[in-house]
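K.L.:
Since the structure of chain A is already known, use the hints to place chains B, C and D on it.
There are 4 protein chains.
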Amino acid sequence: MTSNQPIRAAVLGASGYTGADLIRLAARHPNIQITALIAKAHAGQPLGQVFPHLGSLDLPQLVTSDEVDWDSIDVAFCGLPHGTAHVEIAKLPERVKVIDMSADFRLRDLSTYAEWYGGEHGAPQLLSDAVYGLTEHYRDEIAGARIVACPGCYPTAVLLALLPLVKEKLIASEGIIIDAKSGVTGAGRSLKQNILFSEAGEGLSPYGIGSHRHVPEIEQEIGMAANQAVIVNFTPHLAPMARGELCTCYVQLPSGTTDADLRGALRDAYAASPFVRVMDEGVIPATQHVRGSNYCHVGVFADRIPGRAIVVSAIDNLVKGSAGQALQNFNVMHGLDESTALEQLPLFP
Amino acid sequence: MTSNQPIRAAVLGASGYTGADLIRLAARHPNIQITALIAKAHAGQPLGQVFPHLGSLDLPQLVTSDEVDWDSIDVAFCGLPHGTAHVEIAKLPERVKVIDMSADFRLRDLSTYAEWYGGEHGAPQLLSDAVYGLTEHYRDEIAGARIVACPGCYPTAVLLALLPLVKEKLIASEGIIIDAKSGVTGAGRSLKQNILFSEAGEGLSPYGIGSHRHVPEIEQEIGMAANQAVIVNFTPHLAPMARGELCTCYVQLPSGTTDADLRGALRDAYAASPFVRVMDEGVIPATQHVRGSNYCHVGVFADRIPGRAIVVSAIDNLVKGSAGQALQNFNVMHGLDESTALEQLPLFP
Amino acid sequence: MTSNQPIRAAVLGASGYTGADLIRLAARHPNIQITALIAKAHAGQPLGQVFPHLGSLDLPQLVTSDEVDWDSIDVAFCGLPHGTAHVEIAKLPERVKVIDMSADFRLRDLSTYAEWYGGEHGAPQLLSDAVYGLTEHYRDEIAGARIVACPGCYPTAVLLALLPLVKEKLIASEGIIIDAKSGVTGAGRSLKQNILFSEAGEGLSPYGIGSHRHVPEIEQEIGMAANQAVIVNFTPHLAPMARGELCTCYVQLPSGTTDADLRGALRDAYAASPFVRVMDEGVIPATQHVRGSNYCHVGVFADRIPGRAIVVSAIDNLVKGSAGQALQNFNVMHGLDESTALEQLPLFP
Amino acid sequence: MTSNQPIRAAVLGASGYTGADLIRLAARHPNIQITALIAKAHAGQPLGQVFPHLGSLDLPQLVTSDEVDWDSIDVAFCGLPHGTAHVEIAKLPERVKVIDMSADFRLRDLSTYAEWYGGEHGAPQLLSDAVYGLTEHYRDEIAGARIVACPGCYPTAVLLALLPLVKEKLIASEGIIIDAKSGVTGAGRSLKQNILFSEAGEGLSPYGIGSHRHVPEIEQEIGMAANQAVIVNFTPHLAPMARGELCTCYVQLPSGTTDADLRGALRDAYAASPFVRVMDEGVIPATQHVRGSNYCHVGVFADRIPGRAIVVSAIDNLVKGSAGQALQNFNVMHGLDESTALEQLPLFP
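Protein chains in written order, with this note's numbering: chain A, 1 to 349; chain B, 1 to 349; chain C, 1 to 349; chain D, 1 to 349.
This is chain A alone, in the form it adopts within the complex:
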């Protein structure tokens, strides 16, 4: 970072939870000037009307994408839903860097995208510009990318826990079982009956068994690390909390490998990564201990069944699982300290 010029940022999808959390963090970033807030359905409103907790900020009011002077924008954070995201991103001038929190540029294979996301990709020409934004594993690619496709919240938690182990062949890439639990913000801010307080509160259930759209993303990355096609079990559950995601991964070990080996490999992999904390033996990750922060806590435990282990990871789905990782990628793309504006400690209780 050689200049003191602020980097001018637009936020697409400013009325959603990921948009809001991005604004919450970016507003305190010393190098960012939030220049445009885009939220079609709320255009003309001040941000504080849509998100009263952000009402103290002195920011421009919400506008449509067409109203933005894109010449004055350096980088666009995109919190739009998949399908819409790539359409809007395709309209942006090429000089605008894009940090996309949607699913639209995560999958490297167009037919996989079509299969899981209900139709052809509308901007296939941009895919080659896009890099998978799992910061800790793709720093170099991210540093030079025009488009960074931030991973889904679940894949972030799963891949941070498993990728180094697959790469080091410390776990089998077959038969991986991922039992995931998410807070309700993972379902976004759109109105659905199952996420009403009265329905989701004081209850827990799986959903999307075998069909959750984060599956292909997990399989893509684990497959690449394993150098072979991989099929995983991924069973998400909706838990009665707003934020937080916990992935309990059940894995098979090669003969002779122990949980301590896994812990060691994870420590090595993340030695230079400030946000991934590998827990000491016996210390159990919990979502409330990362809430509101960009941390990912990972723990490894021996299984009662010989030859198996359990790898547990916890993140805040809106921060490390979305807006925080987006900002982390922004920092990497702009040669800034990776932690800039992400130093907030978890809010507990």
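Mixed in with the good hints, there may be bad ones.
As the list claims (entries may be wrong) - Interface residues of chain A toward chain C, partial, derived using beta-carbon atoms under 7 Å:
(1) Val184
(2) Leu191
(3) Ile195
(4) Ala200
Simulated from the structure, these hints should not be mistaken for lab results.
The beta-carbon is built from N, C-alpha and C at its ideal position, and this holds for glycine as well.
P.N.:
Then chains B, C and D, alone, in the frame of chain A:
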């Protein structure tokens, strides 16, 4: 049931959650007269002081066990902690039937008990009088038993889901992975920091990984059904809700077996069981749909990984997982309709 | 009740929370046969699809009102929204008794209705058939009524606490301040952003300050008891829980009157009312102690400010505040024991 | 602030919630070096064992007060309980500035302290050194103080809402009714049955009616502003959330005064105060919109009862109600920008 004489019941451990839920249900049982409420630390207090929600009941005040005229008691429900339960039960006259909600008489093997519960069993002579009280699988034994050892909450949910499948050899008894989630009442009413509202709320984490005391009970019953020793993975999680337990069981199928086969076998097994409901294909069990009731909802789902399936069960840990099942066993023991006083529908929302 | 003929009941608005709670309770009523479930938008679906927790019931599927053979119906419970309720009720044959849980027949004055509910009443001719269904205060009128207008949830809690005191002139009818707190089910099941789990959870705020539609109902009844027009402060708050309503009423006392006098008057007023429990001095009502039940707990406390007192009442808004009170009125209308099918004890925790 | 020397801080009571939140914020303060963490019962443990969410910090382990080299400390933040706090503070060298979050130095009158806090004050000689730390109202006094007694959480919310109005005689100082609602962290981290998740969750009730220890503090400050002794009603409620406090204040207006007048006076009073936000007409404060932040939102509403108004304020009890205000006072005491290290925006959802 040939007589209209009320059956006189004592409740040991009336100041705990399982005791309270037993009283809540038994107070409306047409054949039960609650004659003694035992809670050592609260002796001398009215029940309404310990549990204001039960203050409308006209019941005797809390006493110590010594103060009870056991000649006037026909049956004792025991909601004491393990270790204490068998000591108190051993003191009771032999003519008093016992329905024990503790762990003390669940394990058939004394050395397993000693290993998991921290020491020798203090009343081994009573073990042969005891029957494992998983109602749907041991009705005949329960009908004639003096002591019924009601299963733990987790084992209830797991075994109702898996036992018929193991017996029919529709799933492998090796490599069973059980990812369980429980509400906070599962931890009881004693004061522990991790179950304070401020600590447990808005957060989720595993606990007792590989070491939870419900493991030997699950392995005992699955092992008996499989006719061989079995080791399972059992990983419980604490979820931010008061009641409810959901077990997500990951199982291997014999070649050619499908999720529909499993669903069919479960339906057959529970055709005459009013409280186990096998969900239609695609319908997902949820704890909020059984809350406050004696129902167990079970669903079967194909796994993405070929040759595997996912069996999900949901119960209210204090009802079907404890007090409700105890009352169900009471009904079986006394030749009453199994559903008596258990007809309450789930409380949703 | 001279006959053993079941009373055939229809439920209008069977897909809402009050409808569901009515079904939950009525399904266990020994004299009721639920004959028709009406839910326009869900016609053709089984109840278990709309409310999985009621899926064990063997009930007719949801239909439109037009599909019902009203000759086969004796009584209609109406859980429709205000405005719609009176339109549907006006269509029913005169021989069908109506227990309305909406607001449409609560206000005795048509202009007050028009002012607060946004327009002229569409069935003014029925108003003279309607009785205000606050059971404990209008038993005689309810017994002979064709239409019973069950009070709103807030008015139920407030009036049970204050009416006897106003009647006995033990509190001033001027300057009554009611700070009310409700769980989220009070807002119904329709999709609104502020009742999403992620918005309502872990937060608390007032709403509808000075403009909540339960105000005229409270003022009507207190005014009648006081024999003069009354204006009250009523400030409701949304609290992060599904069920439960607590009203903290701040009142002025005539010279020489004490909190003990108020407590005594309430005890006298409710001596024959099984569901209103006046707490002993120092015992504080709490919503969790009435959850799922038809109880109302009332407590009286001296204020630090001399000459004032605080009257606190707690109910379950869906039970005593709606479906339970409706069933209680049904019992009164049919000469049954007032408690029939309402004996369920509170579900705590 | 003329020097770049870090200010060396000790935290007394580092194992409680206020201590933890102080550390969370102070750890990111550019001028503070946390030099000692004192927590008697946990001495010898690393902070991350007591508060895993703070485990990423590189801080000294917990010690007893005796183990601290007080010569190396410039300022002590005290999060000890009342009664203990003044004993420990009295032991500190006079050159150590003290920012006390306990109640011990809030009351100016020793007999009032003795009456409400159960006995004589043990360090009366220090009272004259202490300043009441309601930052927005006592900046000058705080700037020069040795001991700053941070207000209680409730008094902070109440006084920010009412003090300017009392001073300007825009509300009567008699007959003020304060209905307050707090999250469970307000009760601290010590083990009590009523704050277990299973007891406090999904329920709401008043507590300490007429006897809460924050009463004398509120009366002291309102009395001083009114130049006469004042008695208020203060009725706190426990709400099922971890953080957040909402005070709904019912007040009488002098003839001719309107809610707009009150709003205007509050805006004037807080024009230079970055953390107090006076809401526009019709915008309602909510605790979830200040969570985790140092903001206080205040709204004014007309009452239905003529001549009255409702003033509502919302804070995070652990931040603006304790640790945040403590840090704000630290900034004032050291001539720093009042917002330093308090810029974190609210965490919503």
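K.L.:
Decide, hint by hint, whether the structure agrees.
P.N.:
Here is how each hint holds up against the structure:
The criterion of a C-beta within 7 Å of any C-beta in chain C is met by Val184 of chain A, whose closest approach is roughly 4 Å, and the hint holds. Checking Leu191 of chain A against chain C: minimum C-beta separation of about 4 Å stays under 7 Å; hint holds. Against a cut-off of 7 Å between C-beta atoms, the interface hint on Ile195 of chain A holds, since the closest Cβ of chain C lies about 6 Å away. About 4 Å separates the beta-carbon of Ala200 of chain A from the nearest beta-carbon of chain C, less than 7 Å, and the hint is met.
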